[in-house]
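Engineer: Residue numbers (our numbering), protein chains in the order written: chain A, 2 to 252; chain B, 2 to 180.
Everything labelled a hint here was simulated from the structure, so no lab data went into it.
The reader is advised that the hints may include incorrect statements.
[Unchecked claim] The list that follows gives simulated cross-link-like pairs (lysine-lysine, PhoX-like), each with its CA atoms no further than 25 angstroms apart: (1) A:198 x A:170; (2) B:114 x A:183; (3) A:183 x A:170; (4) A:183 x A:165; (5) A:183 x A:198; (6) A:178 x A:165; (7) B:9 x A:198; (8) A:165 x B:9; (9) B:9 x B:109.
[To be verified] To give an idea of the chain B side of the interface with chain A (calculated C-beta under 7 angstroms), a few residues: (10) 63; (11) 70; (12) 79; (13) 89; (14) 116; (15) 160; (16) 163; (17) 165; (18) 169.
[Unchecked claim] Some chain B residues flagged as far from chain A (calculated, every beta-carbon gap over 10 angstroms): (19) 19; (20) 43; (21) 106; (22) 173.
C-beta: ideal position from N, C-alpha, C; glycine also.
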Amino acid sequence: MIGIYSHGRSYMHLLDPRTKLALMVGMSLLIYSAQPTALAVLLALILLLSRASGLPYTRLVQGLRPVLVFFGAIFLTHLLFTPGEPLIEGLAVPTLEGVTTGSVLVLRFILLILYTSIMTYSTSPSGLNYALTFFLRPFGTFGTDLAFMTGTAMTLIPGLFREKDTITKAQAARGYKPRGMKGFTALVVPLMNRSLKRVDELSDALESRCFHSKRRYYYYRQTLANRDYVAVGIYVVLAGVVLFVRFEAGF
Amino acid sequence: MTQYVNVKPMIYAALFAALTAIGAFIRIPLPLSPVPITLQVFFVLLAGLVLGARWGGTSMVVYVMLGVIGLPVFSGGSSGLGILLGPTGGYIIGFVAGAFVTGLIYNKVNDSKTATICAMIGGLAVIYLLGVMQLSFVANMTLQQAVAVGILPFLIGDAIKIVAALIVADRIRPLLAVS
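Can you make the complete structure from the sequences, with help from the hints?
Structural biologist: Here's what the structure looks like:
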């Protein structure tokens, strides 16, 4: 399985995917509304959850690597363009205010990614797909169709990677170096050609077996257990404390 | 008939979602620039051109779902709801609107090259618009700052992608017409 998910039997793994998806959205809102003190508490909680779900810290922070440069750019922008008390005598920037606003923002983004990494580590893609379908039920058949398409796309990805490797290796064997616009079309046109042929066969096979929209594709069933209510309860208490700290205590 | 047999567009939408997903991993070096371009935005625009507004947009919704359920399909191999709600999430949501708008404009105009380019520029503009809006809102930046961080570094690469999408779309459409 590609992605961060890993099978396990921890408390986090056993939670219902729907609970986890709802908590993911809830926690994201909480992280965005948290003040520095509350952020420190949330960071501690995230490290605790990571330990509880069996996710090693090295793999936890791996999710940050792709976005680090962009976060750095955001931090720099705030560092250089926030007016306030200068840190260095004689220079207008960087300011103390710039450092605080920049680091609080970036810390929020980092927490957001760390938290969702734990959730996707402990929930299988099919489980989360089911949860998404569940919450899309108000949209009628669109939700089930979407789940079907997502499942299909999931199974197509490894095949596409193989096709891409086959094409690039065949071209390399003939001494071709992909470069610029020519390299673009030289890869994409055969890739599209081959993958379209494959999905045409797939859709023919589905159609000839009378497969159609407006039916249930997923037979994954799970019922909410006590631990789900406990998790939601913990979240509600946590949210109460964070919001209280923000709006009443003010630090 | 048409009410039920709609497997083919659904499968095509799934294919374009998967292509956009692997597009983040295909890097092609450019002659002059040190940064290789990835094919992600290219497949978004192509989905709009080839599948049209409705199914192009749907395919990008599927792509977003793939990322949310934890496959490393967002740019750089990241994934999860955190990316979607973070500073760069606007671009990903913009993919849905971008493919939709590209398909919409393309279906409205005649089949000339200029019209196709206009459709793709429209789609790209929508991606940038949503991306910058979320960036400035979430990261607490002014619009000028968000544009400097979120648009200017990517302009040249995206211009190349538009030309490439134009060439590829012309060569792919016959394959779809036969099927």
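Engineer: Taking the hints in turn, state whether each one holds.
Structural biologist: Here is how each hint holds up against the structure:
With a C-alpha separation of about 20 angstroms, the suggested pair residue 198 (chain A) and residue 170 (chain A) falls inside the 25 angstroms cut-off, and the hint holds. A threshold of 25 angstroms between alpha carbons decides the hint, and for residue 114 (chain B) with residue 183 (chain A) the separation of about 19 angstroms falls inside it, so the pair holds. Taken as a hint, the residue 183 (chain A) and residue 170 (chain A) pair is honoured in the structure, with Cα atoms around 16 angstroms apart against an allowance of 25 angstroms. In summary, the hint linking residue 183 (chain A) to residue 165 (chain A) is supported, as the alpha carbons are separated by about 16 angstroms, within the 25 angstroms threshold.
At roughly 23 angstroms between alpha-carbon atoms, residue 183 (chain A) and residue 198 (chain A) fall within 25 angstroms of each other, so this suggested pair holds. For the given pair, residue 178 (chain A) sits about 15 angstroms from residue 165 (chain A) by alpha-carbon distance, which is consistent with the 25 angstroms threshold. A C-alpha spacing of about 12 angstroms is found between residue 9 (chain B) and residue 198 (chain A), which places the hinted pair at or below 25 angstroms, so the restraint holds. Between residue 165 (chain A) and residue 9 (chain B), the direct Cα distance comes to roughly 23 angstroms. Compliance with the 25 angstroms bound is thereby established for this hinted pair.
Only pairs whose Cα atoms come within 25 angstroms are accepted, and residue 9 (chain B) paired with residue 109 (chain B) is accepted, the gap being roughly 23 angstroms. The interface hint given for residue 63 (chain B) is met, as the beta carbon of that residue sits about 5 angstroms from the closest beta carbon of chain A, less than 7 angstroms. Because the smallest distance between the Cβ of residue 70 (chain B) and any Cβ of chain A comes to about 4 angstroms, under 7 angstroms, the interface hint for this residue holds. Contact between residue 79 (chain B) and chain A, as hinted, is supported at the beta carbon level, the nearest pair being about 4 angstroms apart and thus within 7 angstroms.
Residue-level restraint check for residue 89 (chain B) holds (minimum Cβ-Cβ distance to chain A is 6 angstroms; threshold 7 angstroms). Taken as an interface hint, residue 116 (chain B) does not check out: its beta carbon lies about 21 angstroms from the nearest beta carbon of chain A, beyond 7 angstroms. With 7 angstroms as the threshold, the beta carbon of residue 160 (chain B) stays out of range of chain A, its nearest partner Cβ sitting at about 11 angstroms, so the hint is violated. With a least beta-carbon distance of about 11 angstroms to chain A, the hint placing residue 163 (chain B) at the interface is violated under the 7 angstroms criterion.
Checking residue 165 (chain B) against chain A by beta carbon gives a least distance of about 4 angstroms; that is within 7 angstroms, so the hint holds. Residue-level restraint check for residue 169 (chain B) holds (minimum Cβ-Cβ distance to chain A is 5 angstroms; threshold 7 angstroms). Not every Cβ of chain A is farther than 10 angstroms from the Cβ of residue 19 (chain B); the closest lies at roughly 4 angstroms, contradicting the non-interface assignment. For residue 43 (chain B), the shortest C-beta to C-beta distance to chain A comes to about 8 angstroms, within the 10 angstroms cut-off, and the non-interface label is violated.
Every CB of chain A is more than 10 angstroms from the CB of residue 106 (chain B) (nearest about 22 angstroms), matching its label as outside the interface. At roughly 5 angstroms from the closest C-beta of chain A, the C-beta of residue 173 (chain B) falls inside 10 angstroms, breaking its exclusion from the interface.
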